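Let chain A serve as the given structure and place chain B on it in line with the hints.
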Amino acid sequence: MIIFDKVTKKFPLGNFGLNEISFEINDNEFVFLVGPSGAGKTTIIKLIIKETNISSGSIIIDNEDISSSNYKNKAQLRQKIGVIFQDFKILYEKNIFENIALACQIKNFSYSATKEKVKKALEMVGLLEKEKVFPIQLSAGELQRVAIARAIVDDRKYLLADEPTGNLDPKTSWEIMKIFKKLENKKTIIIATHNNDIVNSFQKRVITLKNGKIIKDKRKGGYEI
Amino acid sequence: MKEIFKSIKRTPYQSLAGFLVLFFSFFLSLIILFSLSLANGILNYLETKPQVTVYFQPKTPENQIFKIRDELSQSGKTLSIKYISQKEAFEIYKNLNKDNPLLLEMISSDIFPPSLEIFAKKPYFLPEIAEYLKKQPDIDEVQFQKDIVDKLLTFTNVLRKISFIFFGYLIIMSIIVLTTTISFKIALKKDEIELLRLLGATNSYIRKPFLKESLFMGFIASIFSFLILLGLIFYLNPFLKYYFFEISEISFDFNFIKIIIWPFNFLFISLIFLFVLFFSCFISIVSTYLATNKYLKV
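Chains A and B are the protein sequences, given in the same order.
All letters in the first sequence, in the order written, are residues 1 to 225 by the numbering used here.
All letters in the second sequence, in the order written, are residues 1001 to 1298 by the numbering used here.
Keep in mind the hints are simulated off the structure, nothing from the lab.
Any given hint might turn out to be false.
[Said to hold, decoys possible] Here are the simulated DSS-like pairs of lysine-lysine, each with C-alpha atoms no more than 30 Å apart in a straight line: (1) Lys1087/B <-> Lys1067/B; (2) Lys80/A <-> Lys1077/B; (3) Lys1212/B <-> Lys107/A; (4) Lys119/A <-> Lys1006/B.
[As the list claims (entries may be wrong)] If you want the footprint, here are the derived chain B segments under chain A, 3+ residues with CB under 8 Å: (5) 1112-1125; (6) 1201-1208.
Since this is a predicted model, take the numbers as computed values, not measurements.
Where is the CB? At the ideal position from N, CA and C, for every residue including glycine.
This is chain A alone, in the form it adopts within the complex (with noise of 0.2 Å):
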């Protein structure tokens, strides 16, 4: 369980990314942050991954409060917690069984059950013929399958997207989110997206932001700004 209260996090310059936020996600749970762009939904991201800190409230992940700029067990908390970026973060010179392994590797996995793991998640996301591939040679939609595949690889309880679909073609796009909707309720799914299309057929939680403060924060909702 995600909960955020009264969460504030100025940046240096005084402008608010968040302000005063509180809200609870709870297990399991699909959930859309949309809102324009610098409305705070990577902050709330980067917040929960403690890849930047909160500046007043509190953020508590699974019972721990993970508020202190001093949180000594960032790295725990980041093996719970699967991302997936815009910009895909894959490593070029490593082939795609070895982008996707990096995962179980920083968890000391075998590498019998890296590779079993990293060929489940393949076959997940539909590349299980490119394991060996380089990724020079995938297609953008590719690329973020192999995020996600990355992201799930080694069972991480929250799976967090920042735009996933932001550089992809419509049905890219789609092919991508029923990747996620494969996930549904076996995972605690944070996406925070502009694709109205998308939040819009998907009927789930949508948060709302605007300038740093939530508007709207409905159970089945749609993309309203």
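Showing chain B alone in chain A's frame:
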């Protein structure tokens, strides 16, 4: 190993620069250590020789000599004092000249002076002991290897001081160059490190490949420098044998363990190898820690 070679291949010039600096540092350190050990060993050897020999007038009564001997023993500056009577001196003379009967004719023990052979605890007590003896009555002559011991003491002290400064310089230089080399490699792997951090890799996991690579480079550099020193030792061995032909053993005590330096032996050479390995590990670990540290802060 595969990862290490891959990384070296990706940055061959940086790796070579790091290796050459490590090799240079380790080789110089070994030369210094070797010279310092030998100088200390020679000093120890000289300390085991009779250091002050005092000759008394032939007619000096024994109780007078024993009184001086006892006073010196109580000073705490001597290891042992050996009394050589006129008769013993005559026996030594006879023994030394047994092949030349002419030299033994017409000589009796009366002409030989009684003497004391004094072994000092430390070489710097020698002048004090000699000064004390010169002030005593019935002294004929005081002999001690002042010049040799003084020169060796000065040389060893200077060598020790220079070695410390030089060691410090070598350590700092090696760490800076290796840190810079690793930083280059880290810069090339910046994206990977960032991704690993986001995936939840611990700091030690991220450091591990860089540490492995610098330990590998340090190990290879230490092997090379050790092998060259070994070659040098074998090359110098005949010359040293010629210079040290009278010396059966040169050694020094290290924490109550006697380490024999000369003749060169397996233990001494193994200790030198262990030293250079330890030195390389120290430099590799510190450099990797410094280079990776700034990339591991959020």
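Item to check | Violations among the numbered hints, reported as their numbers in ascending order | outcome: Hints 2 and 5 contradicted; others consistent.
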